[in-house]
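Q: Let's have the full structure, built from the sequences with the hints guiding it.
Chain order of the listed sequences is A and Y. Mapping the first sequence onto the numbering used here, position 3 (from 1) lands on 7, and the numbers just tick up by one. Mapping the second sequence onto the numbering used here, position 226 (from 1) lands on 230, and the numbers just tick up by one.
Derived from the structure by calculation, the hints contain no laboratory data. Just so you know, nobody snuck in bad clues.
Mimicking DSSO-like on lysine-lysine, the simulated pairs with C-alpha atoms at most 27 angstroms apart in a straight line are:
hint : chain 1 : residue 1 : chain 2 : residue 2
1    : Y       : 505       : A       : 445
2    : A       : 452       : Y       : 12
3    : A       : 505       : Y       : 450
4    : Y       : 514       : A       : 445
5    : Y       : 309       : Y       : 12
6    : A       : 445       : A       : 38
7    : Y       : 80        : A       : 452
8    : Y       : 134       : Y       : 176
9    : A       : 135       : A       : 207
10   : A       : 514       : Y       : 38
11   : A       : 176       : A       : 148
12   : A       : 28        : Y       : 514
13   : A       : 445       : Y       : 509
14   : A       : 148       : A       : 134
15   : A       : 80        : A       : 17
16   : A       : 505       : Y       : 411
17   : A       : 127       : A       : 242
18   : Y       : 38        : Y       : 28
19   : A       : 514       : Y       : 28
20   : A       : 12        : Y       : 450
21   : A       : 467       : Y       : 505
22   : A       : 467       : Y       : 514
23   : A       : 514       : Y       : 467
Over 12 angstroms on every C-beta distance to chain A, these chain Y residues come out as not near it, computed from the model:
hint : residue
24   : 70
25   : 142
26   : 261
Note that CB positions come from ideal geometry on N, CA and C, so glycine has one too.
Protein chains: 2
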Amino acid sequence: MKWENFSKLESIKTLAALTPVDVKEAMAGENGAKRVAEYQVPMSNNMVYSYAAKQVDDELLAALQGLADEASLTEKYKALYNGDVINVGEQRLVLHQLCRGQLGDDVIHDGINKREFYLAQQKRAGDFAKKVHAGEIVNEAGEKFTTAVQIGIGGSDLGPRALYLALENWAKVNNTLKMEAKFISNVDPDDASAVLANIDVAKSLFIVVSKSGTTLETLTNEAFVKDALTKAGLDPSKHMLAVTSETSPLAHNPDYLDSFYMDDFIGGRFSSSSAVGGAILSLAFGPEIFERIMNGAHAEDELAKNPDIRKNPALLDALIGVYERNFLGYNTTAVLPYSQALSRFPAHLQQLDMESNGKSVNRFGEPIDYLTGPIIFGEPGTNGQHSFYQLLHQGTGIVPLQFVGYKNNQMENDVVIEGSTSQQKLCANVAAQIVAFALGKDDDNKNKYFAGSRPSSIIVADKLTPESLGALLAHFENKVMFQGFTWNINSFDQEGVQLGKLLAKRVLAKDTDGALTAYSDLLGIF
Amino acid sequence: MKWENFSKLESIKTLAALTPVDVKEAMAGENGAKRVAEYQVPMSNNMVYSYAAKQVDDELLAALQGLADEASLTEKYKALYNGDVINVGEQRLVLHQLCRGQLGDDVIHDGINKREFYLAQQKRAGDFAKKVHAGEIVNEAGEKFTTAVQIGIGGSDLGPRALYLALENWAKVNNTLKMEAKFISNVDPDDASAVLANIDVAKSLFIVVSKSGTTLETLTNEAFVKDALTKAGLDPSKHMLAVTSETSPLAHNPDYLDSFYMDDFIGGRFSSSSAVGGAILSLAFGPEIFERIMNGAHAEDELAKNPDIRKNPALLDALIGVYERNFLGYNTTAVLPYSQALSRFPAHLQQLDMESNGKSVNRFGEPIDYLTGPIIFGEPGTNGQHSFYQLLHQGTGIVPLQFVGYKNNQMENDVVIEGSTSQQKLCANVAAQIVAFALGKDDDNKNKYFAGSRPSSIIVADKLTPESLGALLAHFENKVMFQGFTWNINSFDQEGVQLGKLLAKRVLAKDTDGALTAYSDLLGIF
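A: The following block contains the structure:
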């Protein structure tokens with residue numbers, strides 16, 4: 005197993021020599037139906053990853069297999085889950101998958117079995133949640149808590165928020181919405197003010213989430229909330245929880261009702277499976293539902309072990325993405341879930357992908373000479389169809405598309421209008437879009453002409469449930485991981501966020517000069 | 005005034021011969037402060053557009069002025085607001101600016117003064133809202149309506165939603181939140197179900213918004229809502245309003261309490277200033293507030309008349325964008341508002357820009373050989389800093405950045421923590437980011453090295469108020485318009501959304517073959 009730069013791999017020569025498939029040609033007529041039948045990989049939880057409308061054929065897939073093999077992608081995954089120091093820049097293990105299941109060897113670090121540690125924290129957070137639900141942990145007035153508010157930013161916000169929103173309505177119809185969840189993230193004081201104005205603070209639990217215990221926004225918002233609690237005549241220590249690492253100032257601190265721990269081996273954007281997601285989601289839905297999300301994710305993690313790319317959906321998705329980025333030159337990927345419940349899932353994937361793989365040095369800190377992670381954006385369909393799809397269909401560049409579709413909706417409420425349900429209309433639209441992007445349409449009026457040949461893939465599931473949501477989460481985490489391995493970069497650090505923090509501190513300390521002074525003045529900071 | 009393809013313009017040769025400014029070099033030291041002082045344009049409402057960190061200098065600005073002059077950009081704007089058929093593909097006038105003020109000649113069409121028509125509709129919607137607020141229009145039980153729900157998609161959703169969210173908290177602290185607004189857009193039945201589950205339908209007014217009166221999603225959701233009202237023992241016609249064109253099936257229809265009209269000269273993504281935004285925002289905030297938004301926008305429209313690019317912020321922003329797109333080859337622009345209230349403003353701009361300028365034919369329907377509109381994405385700061393900014397700082401490509409900042413927050417609530425308010429921290433962060441992107445940082449550890457030279461601009465306002473929000477809306481509408489003029493494309497049609505609709509209808513009619521059948525099966529539609 006060698007850590008080699010992408011540009012040094014032999015297999016990329018093979019790939020470069022092949023002609024990408026013209027999707028318009030390949031998907032036309034009955035051959036299109038044949039490709040849909042053949043070019044799909046089963047995922048866990050009865051899901052499927054379909055890549056028929058991607059620019060690949062058997063020959064290209066064989067070449068991508070060669071790349072996977074040469075770059076030892078599944079071996080690197082194995083090294084990761086067995087506890088190697090994969091985050092080499094920060095000299096850390098990478099263990100988010102271990103939060104949701106054992107994939108290989110026991111991982112023992114500093115004498116601690118890490119799987120047991122994560123499980124223990126999950127159990128502690130779950131037990132705490134159960135006591136809150138049972139009215140055993142109550143507020144000063146002896147009343148039950150009704151609302152859980154996550155105070156965190158970046159990975160402590162986007163993943164847990166996306167997951168909460170994904171299951172909020174599902175939980176309502178399944179009578180398992182135990183508490184409403186809210187989120188405060190931005191240092192903009194209006195963010196906290198707006199959330200506080202919409203809840204009953206006396207019946208709210210606040211979870212302060214920061215691995216280091218030093219995140220400016222989070223500590224500021226914590227103080228903001230404590231101030232509001234005090235002004236309301238409440239005792240903050242009866243309302244605050246912490247999710248942090250055991251070495252942080254927030255740990256083992258009597259200012260909190262209780263604290264749940266993660267460690268340095270859980271990156272922020274991968275932390276939904278740790279107590280970062282576990283505490284808030286257990287409070288909101290109950291620990292059993294969080295466990296079901298984890299089980300769904302673990303099943304997908306197991307599939308990611310398979311070295312055969314045609315049986316490993318995350319690996320295949322990753323490699324097709326690399327092909328599109330490095331051989332076809334596409335800069336952007338649009339994520340298009342046809343489910344309103346996934347309204348914030350693209351924002352989570354945006355962080356996951358862009359923060360992990362937006363790098364210009366390899367894992368050893370050496371500059372590289374090839375493209376890495378693309379820009380990720382997206383909105384739910386069908387909304388996007390009435391918005392930016394115009395550019396996707398008829399713009400001057402090509403944007404690969406990642407659709408997600410569900411056969412059934414979450415809430416048991418639908419109506420038949422003009423012979424079809426809303427759910428059928430929703431699914432008809434995603435099928436129609438894939439084909440419209442692939443095949444286009446000739447027209448003598450060039451204004452109504454669609455070039456087609458726009459590549460896309462789709463993940464299809466029966467329904468957005470805890471299990472299929474967990475699988476979706478893990479699929480993309482593992483896709484990003486495999487792409488990072490392919491590019492020989494460290495997907496698990498984020499040095500690019502540091503400089504801005506440093507300069508912001510200088511502004512607040514009035515230690516500025518030149519442009520920094522000028523912009524501070526323009527913004528009227530002092 | 006000639007409509008000439010961008011590639012045929014003489015002035016692009018001048019531009020191509022010039023060297024773009026290296027932002028890192030130009031912004032270093034005291035010269036950086038000097039650029040900040042010089043390279044800004046006053047906007048209306050005490051706002052400012054600062055472009056110091058863009059890759060331009062006096063020589064390049066002169067060349068961009070040459071492009072503006074040669075392409076007659078402000079003359080084309082004049083032709084537009086004076087009522088020429090600017091949307092030549094659909095043979096329509098383009099009159100959204102006229103909704104907010106008279107910019108030039110009276111525009112008379114079919115014997116109707118269009119300014120008077122729009123004003124009359126605005127007044128009708130405003131008077132209706134006042135009667136609802138005064139309890140003169142009530143539900144079947146004689147109770148006041150408390151909630152207004154917009155049923156619309158695309159332009160009938162994104163703009164009004166972004167504007168509502170932008171002012172919701174401001175309205176609360178200014179005691180002018182008259183009704184809560186909600187939005188149903190997606191054909192996913194869970195979207196309507198979730199909104200309906202969270203409101204008191206008996207006290208809700210529903211505004212069905214569709215210019216043509218034929219939008220699949222909107223009619224479906226209307227039927228969905230009517231079904232829910234009927235099941236609740238309520239009379240839909242006592243709860244439904246329509247915003248549509250007078251020729252649509254929704255117009256003059258007794259199924260609605262009242263109807264407010266727009267016409268074919270208001271494009272969906274530009275429709276916030278018409279009854280599409282006016283009805284919902286007048287119900288939510290009162291007609292006076294909607295008028296203030298319009299006044300803010302009109303003031304900005306007036307500035308856009310100035311042929312001097314250094315005095316016309318929308319025109320200058322547009323031309324710098326063209327320079328970045330066509331000469332520097334950047335594909336994407338990130339919109340980064342440092343205000344949580346603008347959480348959905350980037351989604352609105354995404355539609356506005358990508359649907360308007362994501363085109364591959366000129367305004368006469370002839371294929372073009374140059375790049376048009378970029379991909380637009382964004383999230384509020386400081387949230388984005390903990391997410392995708394990693395790629396923006398250290399990724400392998402350059403993404404031009406469009407910051408928006410406010411000196412003051414909206415809600416009168418802030419705390420001093422470690423010597424600064426949250427608002428100061430917010431502004432310190434935006435100042436810091438601009439400088440970090442521009443100057444970068446040398447480091448022997450290449451993992452901590454920032455190349456810098458990342459271009460950005462910022463719009464600064466005192467506070468997010470109705471006026472400054474209107475100005476922001478108009479700024480971007482006019483920017484997009486000027487870019488469309490520069491590229492000689494029709495920014496006011498959207499033929500690219502038609503093919504998907506057509507194929508979706510075929511799926512629902514079971515009139516499929518090949519890949520369309522296969523994907524329909526994969527999604528289990530029937």
